[in-house]
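Q: Below are the chains, spelled out letter by letter.
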Amino acid sequence: MVDRVNAPSGFTIPPNSLRRRASGRLAEIALPAAGVVIGIALIAGPVLATAVRSALYWDADGPAPSWRNFAGLFTDPRFYQAAGNTIICGIGATVISCVLGLSLAWVVSRTDVPGRRWFEVFNLVPFFLSPYVGAISWVYLAAPHSGILTRLLADIFGLPPDLIPIYGIGGATWVLSLFYTPYVYLFVVAPMRQMDPALEDAARVHGAGFWTTLRLVTIPLLFPALFSAALVVFVTSAGLFDVPLALASPRGIRTMPTEIFQLVQYPSDLGRAAAFGVIVMVVTVLFTVLQRRYLDRRRFETVTGKGYRPRIIALRRGGRACALAFEIVYIGCAVVLPVIALLMVSLSSIWTGTLSYATLTLRNFEYVLLNYSLTQNAILNSLFLAVTGATLGVSISALQAYYVNRSTGTQRALTDAILSLPLGIPGIILGLGFLILAIRTPLYSTLTIILIAYVARFFPFATRTVSSMLVAVNPELEQSARANGAGWLQTMRYVVAPLLAPAIIAAWLMLFVIFIRELGATILLYAQGTETISVALVVLSERSFGYVAALAVLQLMLLLIAFSLFRATRASLIQA
Amino acid sequence: MAFVRVKELRKLFGELVAVEDVSFAVEAGHTLALLGPSGCGKTTILRCLAGLENADAGAIDIAGTTVFDRAAGVNLMPEQRDLGVVFQSYAVWPHMTVAENVGFPLKVRRVPRAEIIARTGRILDLVGLANTQDRPATALSGGQQQRVALARALVHEPGLVLFDEPMSNLDARLRARMRMELAVLQKRLGFTAIYVTHDQAEAFSLAETVVVMNHGRIETAGDPRTVFARPQTPFVAEFLGFNINRGRVVNILPRQEGFHVEVALADGLGIWGVQCEDEPAVPGQSVLACSRKEHIAVTTAADAAAPRREAAGVPDEQRFIGVIQAASFLGLEEEYVISIDGIEMGAIRPPCGLRAGDRVIVTIRPEEVLVFVAENSTIRR
Chain S
1 MVDRVNAPSG FTIPPNSLRR RASGRLAEIA LPAAGVVIGI ALIAGPVLAT
51 AVRSALYWDA DGPAPSWRNF AGLFTDPRFY QAAGNTIICG IGATVISCVL
101 GLSLAWVVSR TDVPGRRWFE VFNLVPFFLS PYVGAISWVY LAAPHSGILT
151 RLLADIFGLP PDLIPIYGIG GATWVLSLFY TPYVYLFVVA PMRQMDPALE
201 DAARVHGAGF WTTLRLVTIP LLFPALFSAA LVVFVTSAGL FDVPLALASP
251 RGIRTMPTEI FQLVQYPSDL GRAAAFGVIV MVVTVLFTVL QRRYLDRRRF
301 ETVTGKGYRP RIIALRRGGR ACALAFEIVY IGCAVVLPVI ALLMVSLSSI
351 WTGTLSYATL TLRNFEYVLL NYSLTQNAIL NSLFLAVTGA TLGVSISALQ
401 AYYVNRSTGT QRALTDAILS LPLGIPGIIL GLGFLILAIR TPLYSTLTII
451 LIAYVARFFP FATRTVSSML VAVNPELEQS ARANGAGWLQ TMRYVVAPLL
501 APAIIAAWLM LFVIFIRELG ATILLYAQGT ETISVALVVL SERSFGYVAA
551 LAVLQLMLLL IAFSLFRATR ASLIQA
Chain G
1 MAFVRVKELR KLFGELVAVE DVSFAVEAGH TLALLGPSGC GKTTILRCLA
51 GLENADAGAI DIAGTTVFDR AAGVNLMPEQ RDLGVVFQSY AVWPHMTVAE
101 NVGFPLKVRR VPRAEIIART GRILDLVGLA NTQDRPATAL SGGQQQRVAL
151 ARALVHEPGL VLFDEPMSNL DARLRARMRM ELAVLQKRLG FTAIYVTHDQ
201 AEAFSLAETV VVMNHGRIET AGDPRTVFAR PQTPFVAEFL GFNINRGRVV
251 NILPRQEGFH VEVALADGLG IWGVQCEDEP AVPGQSVLAC SRKEHIAVTT
301 AADAAAPRRE AAGVPDEQRF IGVIQAASFL GLEEEYVISI DGIEMGAIRP
351 PCGLRAGDRV IVTIRPEEVL VFVAENSTIR R
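So the protein sequences, as listed, match chains S and G.
Heads up, the first sequence is in the working numbering, so the first residue is 1 and it goes up one at a time.
Heads up, the second sequence is in the working numbering, so the first residue is 1 and it goes up one at a time.
If we strip away everything but chain G, and leave its shape as in the complex, we get:
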């Protein structure tokens, strides 16, 4: 039995369709991440769940209670939904102390004072803010304020906690640490979480289910490993940082399951990949070839054999000659932009000291090029 169930949610802002036909479910104690670029509707879904926005169609069940059902005219007020929410801006009240902020959900539930003090103290210990009770909330640093917001969202032990990009104002180190702490807290307290973020690392590391949103619709949903390993749509591939190259189909060969497709990215530049649709593409059809930057091997032209034209059939490896356009050193890795006959591709490799202008040999395995029929895709390229 799912703890949270969202059915066919739709939300319009005037003419603009912010959310359309969104359905998902979250098991009790699990985390679902809503992932997508800004403006994709993920925060609107969260606000509909919290009751801060009224959807135009659909239904929402939380813990077996229907909190919203447009057709049946059910719409509980935010305060009746018994949630915890961590806002992007933290929304820590500047006119209250830390303890007053955190104790607020208990105070409005008329919990006795002594118990409020005890529970506030306990939760503040848990989030690592012991001994800050009496300080004005805005005297704390950004990271500490975020913990206050977290403590406030957990103190009344809600079944469901909503997170609206809670880490986006933190620096990278603090973000990584908070991610781990959040996972530990959730294990310990057992709440169900819905987590809105545009940061894929955050979504993949925290969630049992990742829902990727685009233009108000669900682009793909699944467990993090599947979503990451095998993007279901070009949009997801692009969002995950794949190279996206448009081309035309020149060759189709059946493989064990589905088809291999050769895509002409430019005159005389054909690249083999795996078709993602079940229906075979037809020659001349416009397609998108998507490749993960980490899967593109780069070697200097001197220490590799010159690319050779393959005979008929799908090669094990395909090689191209390219020129490095730009290189940027990232520490453990180095990212290159390579031009192959005017077609640009990115590659991420362990640092090997290549520089702009160097001629290189680029190697890609056909199994690592995903080919999507362009007209099905929602990305604009």
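Bound conformation, chain S alone:
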């Protein structure tokens, strides 16, 4: 029998194959575990540092454990103002973006509004833009007296020149809502498409009208997705530093992220900042646990695996006009108007609120690109951080995704939960944690610490993306490779990696986008020479509108290139 199999084939087993097998076995266990360990270390480091620092108080004798940081915080009225404003902003942004996102998803997926293929793409663009740049664009648009829209409204309708309250809680909530609407849209559009249309038909034929059906059937069925989206939007919008910095700080309005930033500035009180950070982290973790428990209890099988064609509702002419106008107003406010404002400002030598031929110039771009070392450096730093960070982040994410979905480890669900923690922790708080860790080490004020903070804050986005694709890959594809004699590393190389390539590329591009625009974590960690584009925008904003706008346009171009490449991968954003 043996002869009959071996003799005609004439194959011999390569002599080093046994050794390769042994190293393969080690790799199979060690590599995914390494990804998980690095991930946990990246989270645990700053979180523990913040927690420890919050419990230490420096007096004349040096540091000692104490509750004085927390006590100081709780007796400070500024803390309550900041927390209150942040909660108002977060709730406002959540409610508005839920209404906008749900409506946009419905219009695009369930009606015959003209151009809905295009809107499907455009509704996602704000997801890829920088909220800080969005906020400053809205200043150009709506600032009292000098804003483009303000002046238009004043000139045409004679409205007062300080009509739009862009500075303050209202303005911040507005810009946050515009930027977080795509999150809600993404969460609800897929279940809306995949829902069995018969569920709604059944309500109609048994006596419920359109609105009753919406209220009793459609929205309750979408509720798990909507609720998840609302929690994510609340936690991330409340923790976002960019928008309050641009719109609330100039009027002296305190918010959580700007207050933490202030506490780190000279004369700094890292202990109190850390105490604030601990409180935010506790709230964030509570929200995450709440969301997980809720989703475990209520997960409707509206998606039955059958390919349902969504029922497209033929709108009447008035309805079509309304739906179209709604889409145009949203895209206009979130993308088109800000971009126009940026371009107008970046092309003017002096910004007076209108574009005039006399002041038209390319000097801002020339200066930012060729003559100013701060911005030149910032662009190079951002590109380096984005490329290196995305590569590192995707590498450990792929290993983690493999561990969570394929390994035989007993604590996979717990691992998954721990690894998703940074999703909710605001960038500025993770930045604070790394600042505390690095402050007396050679890492302090290097690009490396910024890089580490970036990867730590954002690798879960990549893990989610890769993981959701790995779930869809039948394990038998790998098992058959192993059964046919491939080692683990070979299986990874020839089977798993090619199958996951679209998700890996999508995850890389997503991290690239996030890192190019990141501000919250960077603002506490940068030093002279390690500024990024976003930091340079903040630094320049005190000097020249024109330079800021020119640099913002360059950043926007990088983001839009990444967005078009992302579209080309055809990956779904939903897992992120």
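Please note that the accuracy of each hint is not assured.
What the hints assert, rightly or not - Pairwise CB distance ranges, derived in the manner of DEER restraints:
#1 S:LEU477 x G:GLU333: 39 to 45 Å
#2 G:GLU27 x S:THR212: 31 to 37 Å
#3 G:SER328 x S:ILE313: 46 to 52 Å
#4 G:SER168 x S:THR391: 50 to 56 Å
Stated by the list, open to error - Covered by chain G, according to a simulated footprint, are these stretches of chain S (three or more residues, beta-carbon under 8 Å):
#5 211 to 225
#6 385 to 397
The hints are simulated quantities; they were obtained by calculation from the structure and are not laboratory data.
Since the model is a prediction, treat every value here as computed from it, not as a measurement.
C-beta: ideal position from N, C-alpha, C; glycine also.
Following the hints, complete the assembly by docking chain G onto the known chain S.
A: Structure of chain G alone, referenced to chain S:
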């Protein structure tokens, strides 16, 4: 007075004609079955009746009310038509309990709570789901979910209940049982039913009228026994599982009513049958010879006399020599595929242990071969 009347219904999906010139009527308390293969337009008709699809032409009356009339611009919303519908996917709402699902039609009609509870309980008893009220609807098995859907369609006592392939997701035993229960329920509650199915047994057993659909048009309509016993078109014959063999007319003889026709299926293989059209066929014309598999007798070549050439005239029985190509055992019956001079025919007989390769004698009575002129038919062969 018909309870439901559909007049000249037409529905287009873009270029595709989904339903064309469909008219029928259903008496109060009766069941009409729309029978046909998938894509024949039967579900589209049902959806037009429910108001979930707007027809491009025609009119629909339900219980004396015009619910749709394209010409007159009448089009009631689905919720205004007062129907019950059982969907193919059941469409049981996963976010509601059984009682909430079933009580929904009453709730949206603003029936008082106490009455909703009482009526929901009664109808659940009736469909055999007592004591499941408070369970989440999706915790039930497929068969139970189907009963929830049924209870929901009946609870508000609609005059007309529409069924869209309600049994297609059930296993064969459950399907037979539900069929009987449905007939009993209908007798008891007295609703009118329109029932879409591709399963002929379901259609024949439940309906007073069967409408066979093909490519959006009505192929034939009538009571189940007539439709079954004497298919009106080759399509219906094929759908009912007849052998369909194409051939050319070689001989025509008048009989008491109509004509006997001899069809050459291949060189030297002539088969006599009854022409279904009133006009006599002409020699050389292309025709389809249709025979029911159960009507084809098969005996082993050894224990029967060799076929003999008949003299002129129509024989009482005609015999052919064939070879079994395949046999499949079905329990009470056995199905054979037999090749007669290269022409394939199926036969269904009580099991007699024939095997592939056996030579057999095939006997067919001319009265059991239906001959249709091919150019009139819509089947492609």
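Q: Hint by hint, say whether it matches the structure.
A: Okay, the hints, checked on the actual structure:
Between S:LEU477 and G:GLU333 the beta carbons are some 43 Å apart, a value that agrees with the proposed interval 39 to 45 Å. Checked against the given bound of 31 to 37 Å, the beta carbons of G:GLU27 and S:THR212, roughly 33 Å apart, stay inside it. Against the hinted window of 46 to 52 Å, the Cβ-Cβ separation of G:SER328 and S:ILE313 comes to about 48 Å, which satisfies the hint. Roughly 51 Å separates the CB atoms of G:SER168 and S:THR391, a value that falls within the hinted 50 to 56 Å.
Closer than 8 Å: that is the beta-carbon criterion, and the stretch 211 to 225 of chain S has 6 residues meeting it against chain G, so the requirement of 3 holds. Restraint check on the stretch 385 to 397 of chain S versus chain G: 0 residues with Cβ-Cβ distances below 8 Å, three needed, restraint violated.
Violated hint: 6 only; the structure is consistent with all others.
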